[in-house]
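Enquirer: As given, the protein sequences belong to chains A and B, one line each in that order.
Each position in the first sequence, counted from 1, maps to that position plus 239 in the working numbering.
Each position in the second sequence, counted from 1, maps to that position plus 239 in the working numbering.
No lab work stands behind these hints, which were simulated from the structure alone.
Please note: incorrect hints may appear among the correct ones.
Note that the list lumps identical chains together, so a pair holds whenever it fits in one copy or between two copies.
What the hints assert, rightly or not - With a Cα cut of at most 25 Å, we get these calculated DSS-like pairs of lysine-lysine:
1) K618 with K379
2) K832 with K379
3) K431 with K383
4) K383 with K832
5) K456 with K509
6) K383 with K825
7) K420 with K825
8) K561 with K420
9) K501 with K292
10) K799 with K769
11) K364 with K832
12) K561 with K501
13) K456 with K501
14) K456 with K707
Protein chains: 2
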Amino acid sequence: MNYYNVVFQPGDVVVEVMEGSTLKEAMTDAGLEFDFLCGGRGTCGKCRVRISKGLTMPVTREQEMLQAKELDGSIRLACLTTVHNDLTVELPNQKKLQHNILMASDERAFQIEPQLHKVFIEVDKPTRETQSSDWRRLKKSLVKQGYMDSELGSTVSILRQMPDVLRGANNRITAVMYENKVAGIEAQDSTKTMHGMAFDIGTTTIVGYLLDLYSGKELSVVSTLNPQTTFGADVISRLTFASHEENGLMKLQDVVIEAINKLIVEAVQKASVTQNQIYGISIAGNTCMHHLFLGINPQSIAVSPYVPALSEPLILDASELKLSINQAGKVFMLPNIAGFVGADTVAVLLATELDRSEDIKLVIDIGTNGEIALGSREKMVACSAAAGPAFEGAQISSGMRGAVGAIDHVYYRDKLEYSVIGGGEPLGICGSALLDAVAGLVELGILNKRGKILAFEQLTNPAAHRFKENLIQFEGQGAFLLTEAGITGHGRPIMITQSDIRELQMAKGAMAAGVRVLMETYGIQAQDIKEVLLAGAFGNYLNPHSACVIGLIPSELESKIRMIGNAAGTGAKLALLSLSEFRRAKDIAEVVKFVELGSYPRFNSIFGECTYFNIK
Amino acid sequence: MNYYNVVFQPGDVVVEVMEGSTLKEAMTDAGLEFDFLCGGRGTCGKCRVRISKGLTMPVTREQEMLQAKELDGSIRLACLTTVHNDLTVELPNQKKLQHNILMASDERAFQIEPQLHKVFIEVDKPTRETQSSDWRRLKKSLVKQGYMDSELGSTVSILRQMPDVLRGANNRITAVMYENKVAGIEAQDSTKTMHGMAFDIGTTTIVGYLLDLYSGKELSVVSTLNPQTTFGADVISRLTFASHEENGLMKLQDVVIEAINKLIVEAVQKASVTQNQIYGISIAGNTCMHHLFLGINPQSIAVSPYVPALSEPLILDASELKLSINQAGKVFMLPNIAGFVGADTVAVLLATELDRSEDIKLVIDIGTNGEIALGSREKMVACSAAAGPAFEGAQISSGMRGAVGAIDHVYYRDKLEYSVIGGGEPLGICGSALLDAVAGLVELGILNKRGKILAFEQLTNPAAHRFKENLIQFEGQGAFLLTEAGITGHGRPIMITQSDIRELQMAKGAMAAGVRVLMETYGIQAQDIKEVLLAGAFGNYLNPHSACVIGLIPSELESKIRMIGNAAGTGAKLALLSLSEFRRAKDIAEVVKFVELGSYPRFNSIFGECTYFNIK
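One chain only, chain A, in its complex shape (with noise of 0.2 Å):
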């Protein structure tokens, strides 16, 4: 078997494969953070590559994928190009992925109630009459501050420690007590600080929180790619990926795990605390990657009847999922609701306090799968609704994730403009700008009740002409162009296609009809809802007016729409700082009903209705 140095640009990272290996491999071996938005199926042409040394034959898929002038610029897709020689592989501009991640979050009042305490014990000292053994002296001593000598526990590993520690500090410690059990002990009087970190895993990108126990007091956010994105961007390809891949699941856990230890390290620097200082973690995330960070199959969500493994809250060591914190940490797992409602909408719920609301909102979490919850204190119901990956831009032609590069938003005035993340030349669109740009065309009448773009002759409106300019052909179909080829950062001219429009109704649709079924299954029309609460990244910068427009929301509900922020990462911080939220969450978990659009009677013709648009 032969071996090749492939060289990646900029940068100079070499990294020697195996003959045969793709690139995405090479680059996975090298530890290059790449965004794979089909997962590397080679279905989306999105990770265009350009080989400046070693150039070989394109396959016939990169032949169907790539344009002829792209083939002759050397551009080839990494994800099909395996490697036979020594190459040197020039990577695009947009290599660096700078998310906009959404970091704010609204916050509400709640009670600070670590799980974990701390106490500062004076052990007694050893006599020979007694025997008192350290473990008994050490109880005794927890005693006298409150606790139940026939409660108290520990482990081996703290057992082990004890002598060490007792006799170090001369019998002054602090022990770290989760319940009744000493979770830590700790040298001298150390009960000043306890820090945690709060984490949101999404399918995407990992936000993680870190706070401090006593004053709930944010120290410092961190955030990445989650870098099972290499192995597949949506939570199918992660759930084949884990069932069908050697050591799957186990490969998928360790880069999850690996993550999130080093987004601890980046954390503690940024706040200049230790990680030795973190005793408590929570975890808020879908049910897949629920499971996934714990190493547990999520096979069954894939398959009908689409069951979560595991449901309910689990508290658990860090060190079983060797989490780089304090030995004494716990790890708290917020619980599922179902297979396609997680942890996350949970923790949604938790910030938003729907159980507790005296009115009927209505909460929407928009991403490849939209968790939507509709109720109040008196129910709650939920579902799941497959939109699929076009609000995140995948795809949708000139579709790209938020950002550096994307545009954001498009506002049909004279002529029309945009917003381009970072300010640079755009390179494609990201969601808010596809719900903009549609909903424009909605409104001028360049689209029809369908979603077919009109023809100029065919177009009634005066106020569409001024972008006649706009409407082009594309492989032989309608399209609206948003930029010209020439000012564009990659070349190529930036614009909706039909297609993206049929994409984006599926999508639409997909939501609308949750909204619609949750709202019969409930006995409510639009207008009993009070409020609509927007979470997420998508739902904190899409244009509400554009969301009801294209009917994504019902559009009577357009004044009564609140963007709430990253609300998962909200509720994972309240399960970490008040064992009463994180109880809480139980109990919404268990409440809310949930249900199954899929066997909803009459769901194909609520979803086929609600992918038209409404045409005034």
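Based on the hints, put chain B in the right spot on chain A.
Expert: Just chain B now, with coordinates in the frame of chain A:
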């Protein structure tokens, strides 16, 4: 650095060692089981080997320890000889020590009440509507069996197995329950079998009993030399090794765990069951063995005030100790009383039911550290007497353990007679023969009250005259010859020297003083004691009359002596088979009052008196 080959005979065992290594280290590297009585400190002179190729000069200490004839005959001490060239080494014929290990034990009535339970359940199939997770449905089935939902728990490793086991077994599984925790799940109905092993970890020997946890039936018994012996023969040398050698504690733990894992394999093979059918392990051992088994540094036992790190009973997962049994398996550690009165004594008291006895009984376990307990259901006291290794044949010129080739009993008939373990040529004397030999000398008046061997002319008892030939001089002191050099297995004579008698006086004096102090503490006389129970290997082999003649046991109690076999093993079995008995062990450990001999008033003078012989 040079490396050399050392070949051990018989068996052609070859090992490569670094220049300067001792033969002892080479033997350890080669995995050879060898008995270094003094722990390899060059003080016992018992590790004689013959260098048949590559002989080097003896070191000074070897010149002192070995006779000129031996040095000329290529005999060296393995612990002192270092390797500086390739060597061939012949191990003595006692190399493969076949210990006479006590396996039989008195058993008593008790209630079988295993701590683990197996429950066969049929778990509901999942449904799309309820989205009830695997774990929730599993719990539901257990609730039907009487478990409380709110109290049910598990571990993440079980949760990881759950999806596959459930689906692989069509939802028909056996839950292995420990209290309210699911400790294991197995496909189909495996409730028929549940085994366990009780271990008595002695300083010298480990004995394991394989039991059927349902019937209590003993399926096999296995034993081995405690491999920690290589690092020190007695508790003190192991305490030193654990604290002062690099990774000493870990090494000692590793070898004992490895030995136990080997015993488990041997035991299940003998009984035609599998390791995976073992769900529980109970451990009795002295405090040092207990701590080393758990990997807890026992150094606090070595220095005043000699307290243990842990005395309470402990239950932990077999996986925490890398024990090769079923993953659901639990380890039940019996509690300790004090630094030198350990879980083995608790097990003996549990087996003898001293805590429920109406009569006052004396329980003695004779060893390097003799443990003595006295009491009844009213109260119990216990102490540890530092007898030293004389009873085990160490520090005795012709001494050896009770293995093949050891003279185990001596009879003063018309001429001196003796029995040899295994029946072949004698190689030395073990403790029980030392007792017989010295008791005879006392009864014949050959020893005076202070233990001096009298000259033939000083003997007043005519019965002693027939042993005139046995009274010899050795290294300028009186000695008593047991066998001529010509008929022993190694060609050296076997004798009792004046020094040997001094060693025995120290040993029996320590034990007798312990008994005396306990009686004083309790406030009774010898005649108030209704029974003397002798536990352990030595107690089982000694001649009670000899023990009383030399004053090891008060002579008025001779008729009340009963041997109870390996009572520590019996106690370990009881604790494994019955939750009540395990709990009772905790009560015993808490109730027994420890008496520290070293700080007892007038202890030194009591000990001094007790070293004397009671010449009638």
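Enquirer: Hint by hint, work out which the structure violates, then give me just those numbers in ascending order.
Expert: As far as the earlier hints go, 9 and 14 are violated by this structure, in ascending order.
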